[in-house]
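Colleague: Numbering-wise (full-length UniProt numbering), the sequence shown opens with residue 1 and increments by one.
Don't read these hints as lab results, they were simulated from the structure. Keep in mind that the hints are not guaranteed to be accurate.
Claimed, not checked - Straight-line alpha carbon distances no greater than 20 Å define the calculated SDA-like cross-link-like pairs of lysine to any residue that follow:
hint	residue 1	residue 2
1	LYS552	PRO605
2	LYS344	HIS533
3	LYS634	PRO648
4	LYS55	PRO90
5	LYS149	VAL400
6	LYS361	SER387
7	LYS117	MET331
8	LYS52	ALA236
9	LYS552	ILE484
10	LYS361	ILE508
11	LYS117	THR93
12	LYS149	PRO375
13	LYS601	THR535
14	LYS149	THR284
15	LYS238	SER183
16	LYS150	LYS278
17	LYS552	GLN665
18	LYS150	ARG309
19	LYS117	ASP62
20	LYS55	ARG304
21	LYS404	PRO375
22	LYS514	ARG449
23	LYS249	LYS361
24	LYS295	THR285
25	LYS552	GLU577
26	LYS601	GLU590
27	LYS7	HIS251
28	LYS356	THR528
29	LYS634	ASP548
30	LYS552	ARG602
31	LYS278	ASP12
32	LYS634	ARG553
33	LYS344	ASP62
34	LYS295	THR284
35	LYS7	THR284
36	LYS7	LYS278
37	LYS338	ASN537
38	LYS552	MET568
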Amino acid sequence: MDIETLKAQNPDHWNKAAAIRALTLDAVAAANSGHSGMPIGMADVATVLFEKHLKFDASRPDWHDRDRFILSAGHGSMLLYSLLYLCGDPEITLDQVKNFRQWGAKTAGHPENFLAKGIETTTGPLGQGIANSVGFAMAEEALRARFGKKLVDHHTYVIAGDGCLMEGVSHEAIGIAGRQELSRLIVFWDNNNITIDGTVELSDRTDQVARFTAAGWHVQEIDGHNPAEIDAAIAAAKKDKRPSMIACKTHIALGHAAQDTSKGHGALTNADQNAAAKAVWGWTTGPFEVPADIKTAWEAIGSRGASERAEWETRLAGMSASRQAEFARTMAGDAPKKLSSTIKALKKQISETAPKVATRKSSEMVLEVVNPIVPETIGGSADLTGSNNTKTGDLGVFDVDNRKGRYVYWGIREHGMASAMNGMALHGGIRPYGGTFMCFTDYARPAMRLSALMRIPTVYVMTHDSIGLGEDGPTHQPVEHLAISRATPNTLVFRPADTVETAEAWEIALTQTKTPSVLSLTRQNLATVRTEHKTKNLTAQGAYVLADAEGKRQAILMATGSEVEIAMAARDILQAEGIGTRVVSMPCWELFEEQDEAYRKRVLPGGPVRVAVEAGVRFGWDRWLFGERGKREKSGFVGMHGFGASAPAETLYEKFGITAEAVAQKVRDLVEGRWQPDPRA
């Protein structure tokens with residue numbers, strides 16, 4: 001259908017959509033950067049969705065029972081910002097639109113969830129939004145099963161482009177959604193056949209309709225510029241019991257000289273061409289000017305949901321005080337009051353019984369007592385349930401016929417799992433955690449990075465955390481992954497030494513509101529090193545003195561996880577030789593950095609030689625070896641300097657020189673002045 005016919009058949013719709021197109025051209029031109037084509041091409045779909053289907057109240061963009069709108073093709077952010085401004089969102093003002101992509105503006109180049117309440121998730125890395133949406137839809141199902149349809153009854157809508165569907169994570173996501181029959185999830189595919197390099201045929205020949213159909217989705221194909229077809233397709237999708245994909249055939253940069261070309265994908269800044277496009281659209285006002293009648297019509301769309309929100313609030317107010325309080329606590333992300341006492345009781349029991357278990361088993365022991373009192377946890381594993389120890393007896397399995405189940409079988413989909421967990425956390429009301437091997441943080445990395453960037457408390461249970469996993473060999477031995485995780489801003493990386501530290505790490509992770517956690521856990525059994533019960537959460541300090549020197553302090557051994565036990569054995573050797581040795585357990589570097597300088601100096605005073613022990617690469621350890629009043633010539637590292645090998649764990653530790661005797665010898669050399677620079681450091 002050509003533009004003139006579209007304008008003539010439905011001028012009211014056309015003018016609303018043209019407002020999105022005009023604002024997009026103006027903002028991108030003013031910024032001299034951005035992506036114009038997708039917002040222009042998908043303006044019709046967005047207009048019909050917001051006007052006729054989306055349940056929201058622009059004045060309260062964080063209303064809990066709103067429909068969620070996710071712009072997976074985040075480069076087209078002006079589509080979202082235009083919609084928010086036009087509908088009357090209090091945070092996305094005209095000034096914000098005019099300052100698109102500028103310092104301090106909420107209208108960043110790609111949508112950032114923490115900048116405005118109306119932005120559901122951070123998108124831009126293609127495929128992440130559609131993968132997040134699976135978690136949003138799962139969270140809605142789980143919360144509806146828990147709190148009832150009166151409080152939780154909404155949909156998740158997504159706009160995804162060709163690039164989103166090319167990214168591998170989209171395949172993982174649509175497979176999960178199809179298997180789980182997430183009927184409240186509706187995806188619009190912006191089928192414009194254009195990528196940055198040119199037409200899609202340059203790199204792909206996938207039949208996306210057949211692909212989604214094969215994954216168990218309800219699929220429709222429509223003209224993405226025909227409002228009647230768009231409306232009918234959304235209505236049909238809402239009635240189907242499967243997740244829905246609506247293939248919207250569109251023209252990128254519709255009506256512009258760059259229409260249907262790769263140039264249309266990016267910034268359209270030519271003044272003459274932009275003026276010509278506006279003329280085609282029938283848009284006659286100046287830059288950033290929306291005629292009053294069109295703005296009023298959009299604001300009416302933005303306020304349409306106010307009555308539904310008020311009715312919802314009445315339903316909530318009519319429930320018992322305890323139910324209201326539990327709903328409020330859950331949606332706020334506050335931990336139950338019982339969590340602290342439950343963790344303390346477990347720590348006391350462990351200190352008294354001193355079991356020798358792998359910290360992956362320790363994690364399971366913690367979850368066994370935590371999951372019953374934290375009903376918002378939803379756990380899972382990327383097909384490693386028995387290895388990650390993430391499933392506890394009370395959870396039940398989240399499935400089509402059991403939305404109250406709290407354990408998800410994610411399949412071999414680390415990236416999809418992590419992205420969906422982010423969606424759950426963003427939705428609110430869910431504390432997601434998921435497991436895989438530490439080495440496969442590589443497969444989950446893009447989503448883990450976004451957890452940190454988006455400031456959400458997703459928990460990653462990463463087991464088999466070192467050469468200690470043994471015979472599976474170097475492909476599975478994560479020598480560099482601790483360093484990568486620690487290098488990620490706003491991430492807490494825990495490597496607990498025993499069950500007590502594991503319990504403390506879980507307590508911290510489950511009380512975070514803006515920071516994700518990575519739990520790095522062993523396959524091999526470890527002795528309990530915290531045999532004296534302390535009610536205080538020592539892991540919350542990041543590092544602490546586990547055993548102090550007897551006599552003159554000459555050495556400080558710093559270690560994490562499985563190597564704390566080795567450090568303690570080395571201390572016994574050194575103390576027997578009259579070398580006073582302190583052992584510092586450092587389960588979380590990030591929390592130690594947050595402590596005041598006086599505390600850090602008490603734990604790591606200047607003077608003694610320092611040796612760090614960790615079955616990973618040295619990267620990052622120099623901060624503690626000769627920072628904080630340490631000296632390079634009085635420090636050493638015992639750990640990995642390359643990849644591992646296939647052999648039993650005990651053999652690997654011996655062959656790679658990560659032993660108590662090797663640590664003791666490193667200390668002797670330093671104390672006696674035999675320091676040599678390590679060419680591998």
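Colleague: All hints, please: hold or fail.
Modeller: Taking the hints in turn, this is what the structure says about them:
1. LYS552 / PRO605: holds (13 Å)
2. LYS344 / HIS533: It holds: about 9 Å lies between the C-alpha atoms, which stays within 20 Å.
3. LYS634 / PRO648: violated (33 Å)
4. LYS55 / PRO90: Within the cut-off at roughly 17 Å; holds.
5. LYS149 / VAL400: Cα-Cα ~16 Å, so holds.
6. LYS361 / SER387: holds (9 Å)
7. LYS117 / MET331: With Cα atoms ~15 Å apart, LYS117 and MET331 stay inside 20 Å; holds.
8. LYS52 / ALA236: With a Cα-Cα distance of about 13 Å, the restraint between LYS52 and ALA236 holds, given a limit of 20 Å.
9. LYS552 / ILE484: Roughly 37 Å between the alpha carbons, so the hint for LYS552 and ILE484 is violated.
10. LYS361 / ILE508: Holds - the C-alpha atoms of ILE508 and LYS361 are around 18 Å apart, at most 20 Å.
11. LYS117 / THR93: holds (13 Å)
12. LYS149 / PRO375: holds (18 Å)
13. LYS601 / THR535: violated (23 Å)
14. LYS149 / THR284: Violated. LYS149 to THR284 sits at ~46 Å, over the 20 Å cutoff.
15. LYS238 / SER183: Holds, because 7 Å separates the two Cα atoms, which is no more than 20 Å.
16. LYS150 / LYS278: violated (45 Å)
17. LYS552 / GLN665: holds (18 Å)
18. LYS150 / ARG309: Between LYS150 and ARG309 the Cα gap is close to 12 Å, so the pair holds against 20 Å.
19. LYS117 / ASP62: The hint holds at about 6 Å.
20. LYS55 / ARG304: Given that 20 Å is the threshold and the Cα spacing comes to 8 Å, the pair holds.
21. LYS404 / PRO375: Status holds; Cα separation ~10 Å.
22. LYS514 / ARG449: holds (13 Å)
23. LYS249 / LYS361: With a Cα-Cα distance of about 51 Å, the restraint between LYS249 and LYS361 is violated, given a limit of 20 Å.
24. LYS295 / THR285: holds (13 Å)
25. LYS552 / GLU577: holds (12 Å)
26. LYS601 / GLU590: holds (16 Å)
27. LYS7 / HIS251: Given that 20 Å is the threshold and the Cα spacing comes to 16 Å, the pair holds.
28. LYS356 / THR528: holds (6 Å)
29. LYS634 / ASP548: Between LYS634 and ASP548 the Cα gap is close to 19 Å, so the pair holds against 20 Å.
30. LYS552 / ARG602: holds (15 Å)
31. LYS278 / ASP12: Holds. LYS278 to ASP12 sits at ~16 Å (cutoff 20 Å).
32. LYS634 / ARG553: holds (14 Å)
33. LYS344 / ASP62: violated (35 Å)
34. LYS295 / THR284: Holds: LYS295 and THR284 sit about 15 Å apart, inside 20 Å.
35. LYS7 / THR284: holds (15 Å)
36. LYS7 / LYS278: holds (13 Å)
37. LYS338 / ASN537: Measuring from Cα to Cα gives roughly 15 Å; hence the hint holds.
38. LYS552 / MET568: Roughly 17 Å between the alpha carbons, so the hint for LYS552 and MET568 holds.
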